[in-house]
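Spelled out, the chains give:
There are 2 protein chains.
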Amino acid sequence: MKFICQKNDLLQAIQTVSKAVSSKPQNPILSGIYIKAENNTLELQATDYEIGIISKIEAEVSEPGNIVLSGRYIQEVIRKLPGVTVEFEYDRQEKISHIRSNRSHFTLLSMSADDFPIIKKLEANKSFTIMDNVLQELIGRTTFACSNEEARPVFTGCLLELNYASVVMVSTDTKRLAIQSKVLEDFEGQSKMIIPSKILNEIHKLLSSDMPRPVNISFNSNQISFEFDNTYISSRLIDGQFPDYHRVVPNDFGTRIKLNTEEFRSVVDRTALISRTNDYNVATMEFANGMVRITSDNPEIGNSDESIAAEIDGDDIVISFNADFVSDVLKIINTKEFYMSLNNSLSPAAIRMLDDESFTYIITPVRTPGQ
Amino acid sequence: MKFICQKNDLLQAIQTVSKAVSSKPQNPILSGIYIKAENNTLELQATDYEIGIISKIEAEVSEPGNIVLSGRYIQEVIRKLPGVTVEFEYDRQEKISHIRSNRSHFTLLSMSADDFPIIKKLEANKSFTIMDNVLQELIGRTTFACSNEEARPVFTGCLLELNYASVVMVSTDTKRLAIQSKVLEDFEGQSKMIIPSKILNEIHKLLSSDMPRPVNISFNSNQISFEFDNTYISSRLIDGQFPDYHRVVPNDFGTRIKLNTEEFRSVVDRTALISRTNDYNVATMEFANGMVRITSDNPEIGNSDESIAAEIDGDDIVISFNADFVSDVLKIINTKEFYMSLNNSLSPAAIRMLDDESFTYIITPVRTPGQ
Numbered sequence: 001m002k003f004i005c006q007k008n009d010l011l012q013a014i015q016t017v018s019k020a021v022s023s024k025p026q027n028p029i030l031s032g033i034y035i036k037a038e039n040n041t042l043e044l045q046a047t048d049y050e051i052g053i054i055s056k057i058e059a060e061v062s063e064p065g066n067i068v069l070s071g072r073y074i075q076e077v078i079r080k081l082p083g084v085t086v087e088f089e090y091d092r093q094e095k096i097s098h099i100r101s102n103r104s105h106f107t108l109l110s111m112s113a114d115d116f117p118i119i120k121k122l123e124a125n126k127s128f129t130i131m132d133n134v135l136q137e138l139i140g141r142t143t144f145a146c147s148n149e150e151a152r153p154v155f156t157g158c159l160l161e162l163n164y165a166s167v168v169m170v171s172t173d174t175k176r177l178a179i180q181s182k183v184l185e186d187f188e189g190q191s192k193m194i195i196p197s198k199i200l201n202e203i204h205k206l207l208s209s210d211m212p213r214p215v216n217i218s219f220n221s222n223q224i225s226f227e228f229d230n231t232y233i234s235s236r237l238i239d240g241q242f243p244d245y246h247r248v249v250p251n252d253f254g255t256r257i258k259l260n261t262e263e264f265r266s267v268v269d270r271t272a273l274i275s276r277t278n279d280y281n282v283a284t285m286e287f288a289n290g291m292v293r294i295t296s297d298n299p300e301i302g303n304s305d306e307s308i309a310a311e312i313d314g315d316d317i318v319i320s321f322n323a324d325f326v327s328d329v330l331k332i333i334n335t336k337e338f339y340m341s342l343n344n345s346l347s348p349a350a351i352r353m354l355d356d357e358s359f360t361y362i363i364t365p366v367r368t369p370g371q
Numbered sequence: 372m373k374f375i376c377q378k379n380d381l382l383q384a385i386q387t388v389s390k391a392v393s394s395k396p397q398n399p400i401l402s403g404i405y406i407k408a409e410n411n412t413l414e415l416q417a418t419d420y421e422i423g424i425i426s427k428i429e430a431e432v433s434e435p436g437n438i439v440l441s442g443r444y445i446q447e448v449i450r451k452l453p454g455v456t457v458e459f460e461y462d463r464q465e466k467i468s469h470i471r472s473n474r475s476h477f478t479l480l481s482m483s484a485d486d487f488p489i490i491k492k493l494e495a496n497k498s499f500t501i502m503d504n505v506l507q508e509l510i511g512r513t514t515f516a517c518s519n520e521e522a523r524p525v526f527t528g529c530l531l532e533l534n535y536a537s538v539v540m541v542s543t544d545t546k547r548l549a550i551q552s553k554v555l556e557d558f559e560g561q562s563k564m565i566i567p568s569k570i571l572n573e574i575h576k577l578l579s580s581d582m583p584r585p586v587n588i589s590f591n592s593n594q595i596s597f598e599f600d601n602t603y604i605s606s607r608l609i610d611g612q613f614p615d616y617h618r619v620v621p622n623d624f625g626t627r628i629k630l631n632t633e634e635f636r637s638v639v640d641r642t643a644l645i646s647r648t649n650d651y652n653v654a655t656m657e658f659a660n661g662m663v664r665i666t667s668d669n670p671e672i673g674n675s676d677e678s679i680a681a682e683i684d685g686d687d688i689v690i691s692f693n694a695d696f697v698s699d700v701l702k703i704i705n706t707k708e709f710y711m712s713l714n715n716s717l718s719p720a721a722i723r724m725l726d727d728e729s730f731t732y733i734i735t736p737v738r739t740p741g742q
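The listed protein sequences derive, respectively, from chains A and E.
Position 36 of the first sequence, counted from 1, bears residue number 36 in my numbering, the numbering being contiguous throughout.
So the mapping is simple: my numbering equals the position in the second sequence, first residue as 1, plus 371.
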């Protein structure tokens, strides 16, 4: 096996597949990156059995072959190489890979590719295409509300619901719920699946290019794959029943408040200095007389108290939330103003952006002493 | 106690004194920052008994007084305040401090200033003045070679040696030694002391302004103080006998090599990818035929091998070093080229900058198998 390629192409492919290299591999071969050289193409693969990533780049292959290299060392070595190109040669007898760039020469012990669990392309029964910026928004506006508790796997993933021209992504940790919907062009029929949020977050990072590009998504009953540019990612789906989220969204609200996003974000941020020292991170909001007063209290530290303008349509109300659940959603709101809709101190509230009906966030209030 | 001051002034003073707030205070009061308001000046203090810092700022004081506030919360609250000014008022009855800025209002429980160990100005018997950029260089070029092992306190500090017109700072962890000398104008006589490197590093951070300014240093047999702008820092000195560093510096060398700093730094950096996986972080250098070849080897991972040009004056030589000890000094070398001076594989080497005689670094080689 022998090839020459561009250092930056190789580094990028290594960084892409590295996201599937487990830090605590079940098996030593899974700590490695599989590299196959053939037909002037390098194919890199890594998998931890839950997720598998393939990335392809161009190379001048003078001798085809395949090999597995330690994911950790190959990434560091390639990143630091001095030249623009990399010469790679595998010495089958010594089981050593030679990596040369300018006057720098590294040798790395290598593992046999025979032991590597080659990623098989998914046998899909359904597929659709989505633009990466649309997929980015579906992921970026929902995964933050997933649970981290592995004990209830359904809540560690996002529900993807396809219904002809509509795609909806939903996440919940049972205390709050995020829903993002988008229009889809080429899907026929209905499908539902739960995708691990960890994998969605990795895809979100990999999709950060400037040029919008199509992503092909295929799936069957227990796996999903994402394909874009020269990258292929397959993941298991989470087994289980996602709760009926429609039932959680109130039909109407007694009070609707319009707030300035930046101003509100900055107040919640300051309130959190006190609230996060509490057991339940409680911030209390009093909506009355065209103002919202936000307070938080910790008898052992002190309290915070601040008021900003609020356009209140409906009854006055006092309600308490976990401050993190409010600040999490404020991070993704990109409109200058947003709506908070309320019924009473004990009923779920909704947060929506101005002129963007596609996103809904439902948040359960915290019951405070005296309620 | 009541005052109004500029938020940024107060924040800077808090950040300055915070460096003396222990994260594991011996006594709850030491987790606090003492604030005294008097004569339109705020004086902030913090101490962990090893180091004490005082910082003064201007304020409109309408009611003098003093108080101690939690170092952790006061810093976070002041940093996040929305306004340009801060109004502060202490309610003696409730033992609560009110902090107001724009529409934001925080209250913080406060501690009595009576329990705070007020920092006394040092009763010094000697003092001198040094420009901060000169002090920066003395500190920046030596503390990195100090030891972290508290078991041998002498090596956790830097020796400061004053000898009329000369000031020398020296550090060693017994395997390498850094010496930086400077010219001093206003000191009469001779003095020696060992200053904790931790405190020198804090002073280094605090001195990072653009305008050169004088620093007044006073000391007695067990304490030292640094005074600049509105800041006063006092520290204990380390008791003990610093080794005679003159004896460690070889008088002459059989081989002197001139190397390009940037090129050599980049090779050592790559070599470290392999060497740091070894027990002793060994990089081997072969100087011969106008080149230096740098190699490192780990039988379980692989090896690195790279050559760059070297201007060799004297005998050829092969020598091994701990790669970290070489890369540490390369970080502070700011000349385009530098000298490495050697005698043989087992004798200490010297590293000096080109056209800058003020700095000397001595490094003990590593004995490798076969030597």
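No lab work stands behind these hints, which were simulated from the structure alone.
Among the hints, erroneous ones may be present.
[Stated by the list, open to error] Reference excerpt, derived from the structure (chain A facing chain E, CB under 7 Å, subset only):
1) Glu94
2) His98
3) Arg100
4) Phe106
5) Leu273
[Said to hold, decoys possible] DSSO-like mimics (lysine-lysine), calculated; alpha carbons at most 27 Å apart, straight line:
6) A/Lys80 / E/Lys707
7) E/Lys576 / E/Lys378
8) E/Lys702 / A/Lys331
9) E/Lys629 / A/Lys80
10) E/Lys451 / A/Lys336
11) A/Lys19 / A/Lys258
12) E/Lys497 / E/Lys373
13) A/Lys7 / E/Lys378
14) A/Lys258 / A/Lys336
15) E/Lys492 / E/Lys576
16) A/Lys2 / A/Lys24
17) E/Lys451 / A/Lys258
18) E/Lys373 / E/Lys466
19) A/Lys331 / E/Lys629
20) A/Lys19 / A/Lys205
21) E/Lys702 / A/Lys80
22) E/Lys492 / E/Lys407
23) A/Lys19 / A/Lys56
Source: prediction; values computed, not measured.
Glycine residues also receive a C-beta, built at the ideal position from the N, C-alpha and C atoms.
Results of checking the hints against the structure:
The criterion of a C-beta within 7 Å of any C-beta in chain E is not met by A/Glu94, whose closest approach is roughly 11 Å, and the hint is violated. Restraint check, A/His98 versus chain E: the minimum CB separation of about 9 Å is more than 7 Å; hint violated. A distance limit of 7 Å between C-beta atoms decides the matter here; for A/Arg100 the minimum to chain E is near 10 Å, and the interface restraint is violated. Given the 7 Å rule on beta carbons, the hint for A/Phe106 holds: about 5 Å separates it from the nearest Cβ of chain E.
Among the interface hints, the one on A/Leu273 holds; its C-beta lies about 5 Å from the nearest C-beta in chain E, closer than the 7 Å criterion. Of the supplied pair hints, the one linking A/Lys80 and E/Lys707 holds, its CA atoms being roughly 21 Å apart against a limit of 27 Å. Of the supplied pair hints, the one linking E/Lys576 and E/Lys378 holds, its CA atoms being roughly 21 Å apart against a limit of 27 Å. In summary, the hint linking E/Lys702 to A/Lys331 is not supported, as the alpha carbons are separated by about 38 Å, beyond the 27 Å threshold.
For the given pair, E/Lys629 sits about 24 Å from A/Lys80 by alpha-carbon distance, which is consistent with the 27 Å threshold. Restraint check for E/Lys451 and A/Lys336: satisfied, since their Cα atoms lie roughly 21 Å apart, inside the 27 Å limit. Distance check on the hinted pair: A/Lys19 and A/Lys258 sit about 41 Å apart at the alpha-carbon level, beyond 27 Å; violated. The straight-line distance between the Cα atoms of E/Lys497 and E/Lys373 is roughly 39 Å, outside the 27 Å bound, and the hint therefore fails.
Proximity of A/Lys7 to E/Lys378 is assessed by CA-CA distance (about 49 Å); at most 27 Å being required, the pair is judged violated. At roughly 10 Å between alpha-carbon atoms, A/Lys258 and A/Lys336 fall within 27 Å of each other, so this suggested pair holds. The straight-line distance between the Cα atoms of E/Lys492 and E/Lys576 is roughly 22 Å, inside the 27 Å bound, and the hint therefore holds. Distance hint between A/Lys2 and A/Lys24 is unfulfilled; the C-alpha atoms sit about 30 Å from each other, more than 27 Å.
Straight-line distance between C-alpha atoms of E/Lys451 and A/Lys258 comes to about 24 Å, which keeps the hinted pair within the 27 Å bound. Simply put, E/Lys373 and E/Lys466 have alpha-carbon atoms about 14 Å apart, close enough for the 27 Å limit, and the pair holds. For a cut-off of 27 Å, the pair hint linking A/Lys331 to E/Lys629 is broken: about 54 Å separates their Cα positions. Straight-line distance between C-alpha atoms of A/Lys19 and A/Lys205 comes to about 10 Å, which keeps the hinted pair within the 27 Å bound.
The straight-line distance between the Cα atoms of E/Lys702 and A/Lys80 is roughly 17 Å, inside the 27 Å bound, and the hint therefore holds. Restraint check for E/Lys492 and E/Lys407: satisfied, since their Cα atoms lie roughly 16 Å apart, inside the 27 Å limit. The suggested pairing of A/Lys19 with A/Lys56 holds, with an alpha-carbon distance near 15 Å, which does not exceed 27 Å.
Checked against the numbered hints given earlier, the structure breaks hints 1, 2, 3, 8, 11, 12, 13, 16, 19 and satisfies all the rest.
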